[in-house]
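Peer 1: Okay, here's what each chain looks like letter by letter:
Number of protein chains: 2
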Amino acid sequence: MNKTDKILIIGAGLCGSLLALRLAQRGYKVELYESRPDLRKVDISSGRSINLALSDRGFKALRLCGVEEKAREICIPMFGRLMHDKAGNTFASNYSGRENEYINSISRGDLNALLLNEAEKHKNVNIYFNKKCKNVDLENNVAYFKDYKTKEEFSIKATVIFGADGAGSSLRKSYYLEKKFLFSYAQNYLNHGYKELEIPADKTGKHQISNQHLHIWPRGDFMLIALPNLDGSFTVTLFLSYNEGEFNFENLTTEEKITQFFKQEFPDALALIPDIKEEFLNNPTGALGTVKCSPWSYQNKTVLLGDAAHAIVPFYGQGMNASFEDVTVFDEILNQLENSLEVYSWKSVFKAYEKARKKDTDAIADLAIDNFYEMRDHVANPIFKEKRKIEMDLEKTFPTQYFSKYSLVTFNENIGYNTAMKKGRAQDKALLNLIADNEVHTHLNMTKNELKVILEKVKTETDNILKEDKIAGL
Amino acid sequence: MNKTDKILIIGAGLCGSLLALRLAQRGYKVELYESRPDLRKVDISSGRSINLALSDRGFKALRLCGVEEKAREICIPMFGRLMHDKAGNTFASNYSGRENEYINSISRGDLNALLLNEAEKHKNVNIYFNKKCKNVDLENNVAYFKDYKTKEEFSIKATVIFGADGAGSSLRKSYYLEKKFLFSYAQNYLNHGYKELEIPADKTGKHQISNQHLHIWPRGDFMLIALPNLDGSFTVTLFLSYNEGEFNFENLTTEEKITQFFKQEFPDALALIPDIKEEFLNNPTGALGTVKCSPWSYQNKTVLLGDAAHAIVPFYGQGMNASFEDVTVFDEILNQLENSLEVYSWKSVFKAYEKARKKDTDAIADLAIDNFYEMRDHVANPIFKEKRKIEMDLEKTFPTQYFSKYSLVTFNENIGYNTAMKKGRAQDKALLNLIADNEVHTHLNMTKNELKVILEKVKTETDNILKEDKIAGL
Numbered sequence: 290m291n292k293t294d295k296i297l298i299i300g301a302g303l304c305g306s307l308l309a310l311r312l313a314q315r316g317y318k319v320e321l322y323e324s325r326p327d328l329r330k331v332d333i334s335s336g337r338s339i340n341l342a343l344s345d346r347g348f349k350a351l352r353l354c355g356v357e358e359k360a361r362e363i364c365i366p367m368f369g370r371l372m373h374d375k376a377g378n379t380f381a382s383n384y385s386g387r388e389n390e391y392i393n394s395i396s397r398g399d400l401n402a403l404l405l406n407e408a409e410k411h412k413n414v415n416i417y418f419n420k421k422c423k424n425v426d427l428e429n430n431v432a433y434f435k436d437y438k439t440k441e442e443f444s445i446k447a448t449v450i451f452g453a454d455g456a457g458s459s460l461r462k463s464y465y466l467e468k469k470f471l472f473s474y475a476q477n478y479l480n481h482g483y484k485e486l487e488i489p490a491d492k493t494g495k496h497q498i499s500n501q502h503l504h505i506w507p508r509g510d511f512m513l514i515a516l517p518n519l520d521g522s523f524t525v526t527l528f529l530s531y532n533e534g535e536f537n538f539e540n541l542t543t544e545e546k547i548t549q550f551f552k553q554e555f556p557d558a559l560a561l562i563p564d565i566k567e568e569f570l571n572n573p574t575g576a577l578g579t580v581k582c583s584p585w586s587y588q589n590k591t592v593l594l595g596d597a598a599h600a601i602v603p604f605y606g607q608g609m610n611a612s613f614e615d616v617t618v619f620d621e622i623l624n625q626l627e628n629s630l631e632v633y634s635w636k637s638v639f640k641a642y643e644k645a646r647k648k649d650t651d652a653i654a655d656l657a658i659d660n661f662y663e664m665r666d667h668v669a670n671p672i673f674k675e676k677r678k679i680e681m682d683l684e685k686t687f688p689t690q691y692f693s694k695y696s697l698v699t700f701n702e703n704i705g706y707n708t709a710m711k712k713g714r715a716q717d718k719a720l721l722n723l724i725a726d727n728e729v730h731t732h733l734n735m736t737k738n739e740l741k742v743i744l745e746k747v748k749t750e751t752d753n754i755l756k757e758d759k760i761a762g763l
Numbered sequence: 290m291n292k293t294d295k296i297l298i299i300g301a302g303l304c305g306s307l308l309a310l311r312l313a314q315r316g317y318k319v320e321l322y323e324s325r326p327d328l329r330k331v332d333i334s335s336g337r338s339i340n341l342a343l344s345d346r347g348f349k350a351l352r353l354c355g356v357e358e359k360a361r362e363i364c365i366p367m368f369g370r371l372m373h374d375k376a377g378n379t380f381a382s383n384y385s386g387r388e389n390e391y392i393n394s395i396s397r398g399d400l401n402a403l404l405l406n407e408a409e410k411h412k413n414v415n416i417y418f419n420k421k422c423k424n425v426d427l428e429n430n431v432a433y434f435k436d437y438k439t440k441e442e443f444s445i446k447a448t449v450i451f452g453a454d455g456a457g458s459s460l461r462k463s464y465y466l467e468k469k470f471l472f473s474y475a476q477n478y479l480n481h482g483y484k485e486l487e488i489p490a491d492k493t494g495k496h497q498i499s500n501q502h503l504h505i506w507p508r509g510d511f512m513l514i515a516l517p518n519l520d521g522s523f524t525v526t527l528f529l530s531y532n533e534g535e536f537n538f539e540n541l542t543t544e545e546k547i548t549q550f551f552k553q554e555f556p557d558a559l560a561l562i563p564d565i566k567e568e569f570l571n572n573p574t575g576a577l578g579t580v581k582c583s584p585w586s587y588q589n590k591t592v593l594l595g596d597a598a599h600a601i602v603p604f605y606g607q608g609m610n611a612s613f614e615d616v617t618v619f620d621e622i623l624n625q626l627e628n629s630l631e632v633y634s635w636k637s638v639f640k641a642y643e644k645a646r647k648k649d650t651d652a653i654a655d656l657a658i659d660n661f662y663e664m665r666d667h668v669a670n671p672i673f674k675e676k677r678k679i680e681m682d683l684e685k686t687f688p689t690q691y692f693s694k695y696s697l698v699t700f701n702e703n704i705g706y707n708t709a710m711k712k713g714r715a716q717d718k719a720l721l722n723l724i725a726d727n728e729v730h731t732h733l734n735m736t737k738n739e740l741k742v743i744l745e746k747v748k749t750e751t752d753n754i755l756k757e758d759k760i761a762g763l
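These protein sequences, in sequence, are chains A and B.
Basically this note's numbering = 1-based index in the first sequence + 289.
Basically this note's numbering = 1-based index in the second sequence + 289.
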């Protein structure tokens, strides 16, 4: 492998454009093909994932590529969840007891435009829009495209092809259909879909509810969430079953029923969504799926990155962060091999990358499913509320000693997702059982000594859980 | 739905022929189509899964269809594992401490022939061979076939279509490709493949090693097993990585290397396999995959059963038993709905069937993967040996009170796989940790009182583990 290799990246979304930028910075020649129009010129949002949560793993990758500060300029910090009950009461729960640990609402379009602009500054990057990859001839390393504007079909042969073409990846589909190797592949859908709605800005362009929180209306079997946008609006997302329960996407087909549902379940949100009926009936219902697969690469020819390799449900706010972290890890592997004395090839890069990365993307996929249940249900459950309160106190009082699962996953970019998951799950189990067994108690003004006792109990019990699992071979 | 409905079953393997038999017994008109030739007339074995383990869940289904006794006549009981070390020493480990709990080696072909013969006795069953289903038009309920002999292509429209066409199911592929609904689908391969070899009978037609055991040569990263056949031979299966470790399927390509591998790792087995080189080089290397999917059915038209819905790896000896149990559960659902006062349809049968069954087939898939690691590795591990010894003692001494995970899964056909898995895993974890913490001890002649103390400790610890998992939401 060398710098004159022709690199084709399929997909100029968030992952593909960051990857193009990084490979260009490393001196590679990059051709970047995108099926949609240039989002800097055409509005292509259509009621789907308008804003996203950006946090420390994402920033680490952006920092690597020199664009962290520019991204921070278009971020809205969210310091915690704000839960809304049916009576309109709210209850805040911070994401961390440490200051400076928060997540950020960011516009998918604005961030993608930023990355495209940065990539385009490099002479060794060419970007093409409206060119849809149909399939890839794996053996000959040729990608087949169709131009959406001219309807012309054409093919491109490259030294290596990166599939950064998202959850519906055409490269991944070719892996599945060509059967050139044993391809482990899973697509798993939740029985819930999602629909995006909008809380507009007030008349002065301001946010109508707190813009420092991610708002949640947890209702057990379904929930509503809202993230702030820079223009004063909120993007609201309803997560609801397709066909189960009293209200579901299949039976919410009339204006009357939609209004009845929101009046009954989300009256305070309903008051803020003027176009509810129109938006509900016109905006698409999106599916919530997890994709896992292996191997990600074929010989020294092709490799999958981002959602194409590991699409996840959105409930940990980590989808984009995980895809950006792919670029960080891929870059680290290139550094390692460049600095080693051994001869290396694209094949060895791809293998080393998957070996380093796969366990972590599997973990964040599972964590995101966990959080689906936690957000819908547990955040309104007394024992989980008690746990969060203790965790906030521990993080505030012992900021270098205690890290909740959420903190490990979201704010500790130098710990892999898999390690964060194992440690975090054991810690959650320890704390929940200590609370259930009345072995820890909280009151309004916990002293440092009281918290120290809890911290030690949690540590001991967590270690014990991890030890017992290990002995059982888990 | 009524008895004049035209029922098409794709696949006349073990599951399809038992299903045909049962539906015929219930009075339905059944057309059964099979891609391979009639195995009663042509030898179609080709070094793949010649014999299988039949146990209580399988017998329950065979009993339902009135063919249990005929099947028992062609069974060879295996009372335990017989482990072989490199020096040729053997170590026996029974499957149960209770008498009358054992598994059986049975020829796939003989059992399949028995089921075809029984099905054919019913006038309302027609069986067709050499007819390969290519795909199914889901909306119109039409299956497309090709006749392997005449090369003719034809289609069949039926009221309902059952896909019992195995791990490579064409009906399931149509679910995936037609995208008529959100189809959750996973195919996961182990990095190990398998190859079948043979230990022939001795000159008098007798078995050369114990025919009362399932033989295992556990070697950590790979293993050999052997199951007895009625003709005095053993079918031997090597499970080995495709490309990892010193020896693997990719590098075992010469007679020298094959012999070197067996001499080093399995000298006692090598002495019994005269045609090792020829068989190794000519027999196919099979893949080991798990398939999970959902939904299994489409409207009131099609449904998947057996391996087509849930293929599993062979390490729990439950693949055929799980497929037969599908027929038991499907039959129970038909009984329930026939006896209810409500109007019901094939759609409601299919939905109720999947709801009752899916958690159990998911569980046996996971249990089979667990056992891959246990058989390769743990059976030769001191702490696991100690656990098995205690379990045998407990089952022998308290036959109505203690059931190991293996017993729950294999010999307790009225407990679902999912319940068996949860209880069994917690019990294993309890016992392994009690041993590791020196809280239980064994010696050669345990008294009943000593065992009673262990039994109570295991029960308490198991309940505790289940309680703690529940509090943690696991």
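Treat the hints as calculated values from the structure; they're not laboratory data.
Check before you lean on any hint, since a few could be wrong.
Chain copies aren't distinguished; within one or between two, either way the pair holds.
Here are the simulated BS3-like pairs of lysine-lysine, each with C-alpha atoms no more than 30 Å apart in a straight line [unchecked claim]:
#1 412 with 678
#2 440 with 636
#3 546 with 581
#4 636 with 423
#5 446 with 469
#6 435 with 712
#7 746 with 438
#8 644 with 546
#9 552 with 421
#10 674 with 468
#11 421 with 737
#12 759 with 711
Peer 1: Looking back at the hints listed earlier, which ones does the structure fail to meet?
Peer 2: 1, 2, 3, 6, 7, 9, 10, 11
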